[in-house]
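Quick note on my numbering: the sequence shown kicks off at 1 and runs consecutively.
Heads up, some of the hints might be wrong.
Once the Cα atoms are required to be at most 16 Å apart in a straight line, the calculated EDC-like pairs of lysine to aspartate or glutamate come out as [said to hold, decoys possible]:
#, residue 1, residue 2
1, Lys411, Glu460
2, Lys573, Glu636
3, Lys411, Glu465
4, Lys659, Glu628
5, Lys563, Glu628
6, Lys590, Glu579
7, Lys668, Glu647
Rather than coming from a laboratory, the hints here were simulated on the basis of the structure.
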Amino acid sequence: MFSLKTKKFAYSFIFVFIVTNVLWNMIFQHKQAFLDWGGISFQMIACLTSVAWLMNTFFKHKGRAKSFWLMLGLGILSYLIGTLIWTFYEFILKAKGEAHTLPGIFWICQNGFYFIALLVLMNEIRSHLLTIRFFLDMLIVMSVATTFNWIFIMNPLINHKSMLEFNLTEIMYPILDLGVLVGVLCFYAAQNRMFNKPTSFLLISGFLIQIIADSIFSYLKVMKIYSVGSVNEPLWILSILLIGLSGIYHVPTVAKDTHVIKPKKGMLIRHSIPYLSVLFLSIYVISSLYKTHPIVVGLFFCILLVILRQLFTLLENDKLVYDLNQLNEDLELKVKERTDKLVETVNSMEHLAYHDVVTGLPNRRFMEKRVSLAIDNKTGKRKIAFMLLDLDRFKHINDSLGHSYGDLLLKEVGKRLVECLKPNEVVCRFGGDEYALLIENTSIQAIERKALRILTALRETFTIEGFELHITPSIGISLFPDHGHDFEALLMKADTAMYKVKEKGKNHYMIYSGSMSMEPMMELESSIRKGIERNEFLLYYQPQISLNTNEIVGVEALLRWDKPSYGMVPPAKFIPLCEDTGLIVPLGEKVLLEACKQSVAWREKGISDLRIAVNISSLQFQDNDFIESVAKIIKETRANPNDIELEITESIAMGSIEKTLAKLSFLKQMGFQIAMDDFGTGYSSLHYLSQFPIDRLKIDRSFISSLEKSEKDAAIVRLIVMMAKGLNFQVLAEGVEEESQKAFLDDIRCDEFQGYLFSRPLSVEECEQLILHQKQGADPCFVNA
Numbered sequence: 001m002f003s004l005k006t007k008k009f010a011y012s013f014i015f016v017f018i019v020t021n022v023l024w025n026m027i028f029q030h031k032q033a034f035l036d037w038g039g040i041s042f043q044m045i046a047c048l049t050s051v052a053w054l055m056n057t058f059f060k061h062k063g064r065a066k067s068f069w070l071m072l073g074l075g076i077l078s079y080l081i082g083t084l085i086w087t088f089y090e091f092i093l094k095a096k097g098e099a100h101t102l103p104g105i106f107w108i109c110q111n112g113f114y115f116i117a118l119l120v121l122m123n124e125i126r127s128h129l130l131t132i133r134f135f136l137d138m139l140i141v142m143s144v145a146t147t148f149n150w151i152f153i154m155n156p157l158i159n160h161k162s163m164l165e166f167n168l169t170e171i172m173y174p175i176l177d178l179g180v181l182v183g184v185l186c187f188y189a190a191q192n193r194m195f196n197k198p199t200s201f202l203l204i205s206g207f208l209i210q211i212i213a214d215s216i217f218s219y220l221k222v223m224k225i226y227s228v229g230s231v232n233e234p235l236w237i238l239s240i241l242l243i244g245l246s247g248i249y250h251v252p253t254v255a256k257d258t259h260v261i262k263p264k265k266g267m268l269i270r271h272s273i274p275y276l277s278v279l280f281l282s283i284y285v286i287s288s289l290y291k292t293h294p295i296v297v298g299l300f301f302c303i304l305l306v307i308l309r310q311l312f313t314l315l316e317n318d319k320l321v322y323d324l325n326q327l328n329e330d331l332e333l334k335v336k337e338r339t340d341k342l343v344e345t346v347n348s349m350e351h352l353a354y355h356d357v358v359t360g361l362p363n364r365r366f367m368e369k370r371v372s373l374a375i376d377n378k379t380g381k382r383k384i385a386f387m388l389l390d391l392d393r394f395k396h397i398n399d400s401l402g403h404s405y406g407d408l409l410l411k412e413v414g415k416r417l418v419e420c421l422k423p424n425e426v427v428c429r430f431g432g433d434e435y436a437l438l439i440e441n442t443s444i445q446a447i448e449r450k451a452l453r454i455l456t457a458l459r460e461t462f463t464i465e466g467f468e469l470h471i472t473p474s475i476g477i478s479l480f481p482d483h484g485h486d487f488e489a490l491l492m493k494a495d496t497a498m499y500k501v502k503e504k505g506k507n508h509y510m511i512y513s514g515s516m517s518m519e520p521m522m523e524l525e526s527s528i529r530k531g532i533e534r535n536e537f538l539l540y541y542q543p544q545i546s547l548n549t550n551e552i553v554g555v556e557a558l559l560r561w562d563k564p565s566y567g568m569v570p571p572a573k574f575i576p577l578c579e580d581t582g583l584i585v586p587l588g589e590k591v592l593l594e595a596c597k598q599s600v601a602w603r604e605k606g607i608s609d610l611r612i613a614v615n616i617s618s619l620q621f622q623d624n625d626f627i628e629s630v631a632k633i634i635k636e637t638r639a640n641p642n643d644i645e646l647e648i649t650e651s652i653a654m655g656s657i658e659k660t661l662a663k664l665s666f667l668k669q670m671g672f673q674i675a676m677d678d679f680g681t682g683y684s685s686l687h688y689l690s691q692f693p694i695d696r697l698k699i700d701r702s703f704i705s706s707l708e709k710s711e712k713d714a715a716i717v718r719l720i721v722m723m724a725k726g727l728n729f730q731v732l733a734e735g736v737e738e739e740s741q742k743a744f745l746d747d748i749r750c751d752e753f754q755g756y757l758f759s760r761p762l763s764v765e766e767c768e769q770l771i772l773h774q775k776q777g778a779d780p781c782f783v784n785a
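Just need the whole structure built from these sequences, with the hints factored in.
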């Protein structure tokens with residue numbers, strides 16, 4: 001509250017002021033007039049200065065003991081008023097005797113206000129004083145103080161016969177001083193609870209000096225030797241100034257922890273106070289009785305030894321208490337550390353419980369709670385949108401490049417989704433390649449714009465560890481309250497809408513409508529399973545033609561589904577569902593089995609040197625039992641592996657390089673021909689391509705269909721052929737439907753082609769007739785019908 005410069009000046013002022021007062025009294029001790037007026041002036045200046053300091057503290061103080069400083073100021077003000085009244089009576093009215101009564105009342109009020117101030121303080125710190133030990137210590141000190149007070153002051157005053165009224169006034173001095181002493185002892189016992197050390201020291205010093213000065217004044221009165229300029233007057237002035245100075249040093253402090261007792265330098269003094277009181281009383285008694293009763297000397301030494309023993313015992317006890325408290329503090333610290341670690345572990349477990357490990361996004365459990373909370377808190381007419389997003393063909397990427405690449409891709413997808421959302425919108429990973437998004441307070445138009453933005457963001461190329469990956473999302477959307485009133489209902493409707501997107505070609509979004517249903521998808525899956533059991537699936541064959549000879553050199557086995565009461569089901573309708581459900585594996589085995597049987601049948605009919613190309617799905621190739629399954633089929637059908645060509649895709653080839661190379665090498669040793677289907681649409685590495693035992697590259701139909709429209713596609717086809725020739729691969733172009741396409745392929749020295757230009761896929765009988773017709777030497781026949 002006060003600057004350091006002000007505090008130093010106050011100390012200097014008090015020192016100079018007291019020294020000046022003492023010197024004044026010494027210099028003018030034989031000049032009563034100068035002594036009187038000088039003493040009054042010094043007291044008035046000291047009182048005014050101290051009151052100013054205390055009132056300043058009172059007005060600025062906002063703590064619990066604000067009234068404490070007011071009482072101190074009123075006490076000093078009472079002393080000042082008493083001094084002024086005494087001066088008026090003594091020097092103006094020249095009154096004697098009765099003049100001491102009224103000033104004495106105000107001087108007594110000074111101690112009364114001090115006592116009230118200390119009572120206020122004791123009330124604030126009472127919780128630290130209510131101990132049996134402190135109470136007994138207090139009784140010991142007060143008993144000794146009262147004894148000395150009675151012997152030297154109170155008893156002589158009471159026994160004084162004259163001026164009874166004056167004696168009653170002066171008797172109040174020692175009584176109130178005893179009360180102040182009680183307050184000082186209490187304050188000393190708990191001094192650091194409300195005040196800092198400088199303030200406590202100044203207050204205790206001021207009160208003790210006041211008690212000493214009053215005791216000297218009373219004793220001099222009893223001995224009838226008091227006069228103006230006595231030693232008690234500089235002590236009064238010093239007491240007043242020290243109490244005022246305590247206000248300058250006061251800074252409100254926070255109450256300290258009462259449960260921890262630490263050794264302090266003043267602990268010995270605190271313990272010694274009651275014992276020193278007993279010692280002083282013993283010395284007085286012994287000095288009075290040792291001549292008549294020498295035994296008291298022995299009693300004195302016994303008392304002294306008991307006191308010393310008790311002091312050391314108390315100090316040892318305090319040390320034990322301190323050590324115990326230190327152990328408690330260490331234990332509490334360890335408990336706190338373990339509690340903090342436990343809280344951290346619990347928080348970490350809670351985070352893991354509600355967040356995805358791979359992407360760090362919230363998980364399904366979090367989304368379920370978040371959706372329920374959003375539904376409970378919804379107000380107004382705006383809607384809540386729940387979006388379910390699935391990554392198209394993610395399984396192919398995961399199976400091809402491995403799970404580590406798949407995880408990195410999932411993280412990047414999560415980042416892009418977060419970038420598409422506002423701070424109050426939520427995205428989570430449901431598991432696998434599914435994500436869910438929650439958009440609150442939205443409209444149909446806004447959610448459609450959001451879906452288009454997500455589609456655009458995810459269609460952009462992902463670069464993962466040097467690989468450029470392309471994925472597309474299928475998004476299904478449900479709205480609250482239109483499509484459901486809880487999480488499960490919204491999830492089911494969004495899932496239905498998402499599968500409708502996949503049915504219609506993927507890479508788009510749809511908002512759920514009442515006409516949508518998952519029942520057709522479930523019925524289709526059930527029909528496929530029954531169709532496999534009932535042998536409803538059969539093979540059609542599309543011829544593969546040599547560009548050099550225009551002869552049929554092979555056929556590609558294509559799966560068809562002849563569903564009873566429906567007819568032929570388009571492959572685009574059931575193949576994606578078979579891939580999603582895993583049914584492609586048993587179907588793929590059935591295709592290879594039937595193709596091997598047909599190869600044997602044709603060879604028996606004299607149709608030899610005709611290869612049959614069979615597509616191998618990614619799931620089928622990655623199966624651990626794939627090689628055994630192929631070997632079993634060859635053994636069972638007795639087919640010649642040289643007549644069978646296994647077509648794999650680029651995504652299969654880009655799986656685990658060691659496993660892929662091992663499987664392909666084993667198949668090659670068995671005699672199979674290996675072709676890479678749909679070349680140019682995946683993520684091939686030329687380095688890996690050069691290591692694989694591949695016989696033929698099949699250029700995807702998408703490049704062939706745009707030869708005349710896109711110079712870039714034409715250049716790509718030309719480069720593929722040149723590269724294949726350099727690697728000693730045969731090249732076959734798919735989807736040839738125009739003579740100009742065939743001419744272009746012939747011009748760039750492509751080896752073979754297949755497509756509707758020569759023939760559509762044919763049944764076994766039709767294909768067999770076409771092949772036999774060519775074997776008989778007839779000109780090639782183009783079958784387009």
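Next on the checklist: Checking one constraint from the list: CA of lysine 411 to CA of glutamate 465, max 16 Å. Satisfied?
Outcome noted: Holds. Lysine 411 to glutamate 465 sits at ~13 Å (cutoff 16 Å).
Next on the checklist: Does glutamate 579 sit within 16 Å of lysine 590, going by the straight-line distance between their CA atoms?
Outcome noted: Roughly 15 Å between the alpha carbons, so the hint for lysine 590 and glutamate 579 holds.
Checklist entry - Does the alpha-carbon distance linking lysine 668 and glutamate 647 stay inside the 16 Å limit? => result Measuring from Cα to Cα gives roughly 13 Å; hence the hint holds.
Checklist entry - Taking only the CA atoms, is the gap from lysine 411 to glutamate 460 under or equal to 16 Å? => result holds (15 Å)
Checklist entry - lysine 563 and glutamate 628: Cα distance at most 16 Å? => result The hint is violated at about 31 Å.
Checklist entry - Would the pair lysine 659 and glutamate 628 pass a check requiring their Cα atoms to be no farther apart than 16 Å? => result holds (15 Å)
Next on the checklist: So if I understand the rule, the pair passes when the alpha-carbon distance is 16 Å or less; does lysine 573 with glutamate 636 pass?
Outcome noted: With Cα atoms ~32 Å apart, lysine 573 and glutamate 636 exceed 16 Å; violated.
The structure shown violates the earlier hints numbered 2, 5.
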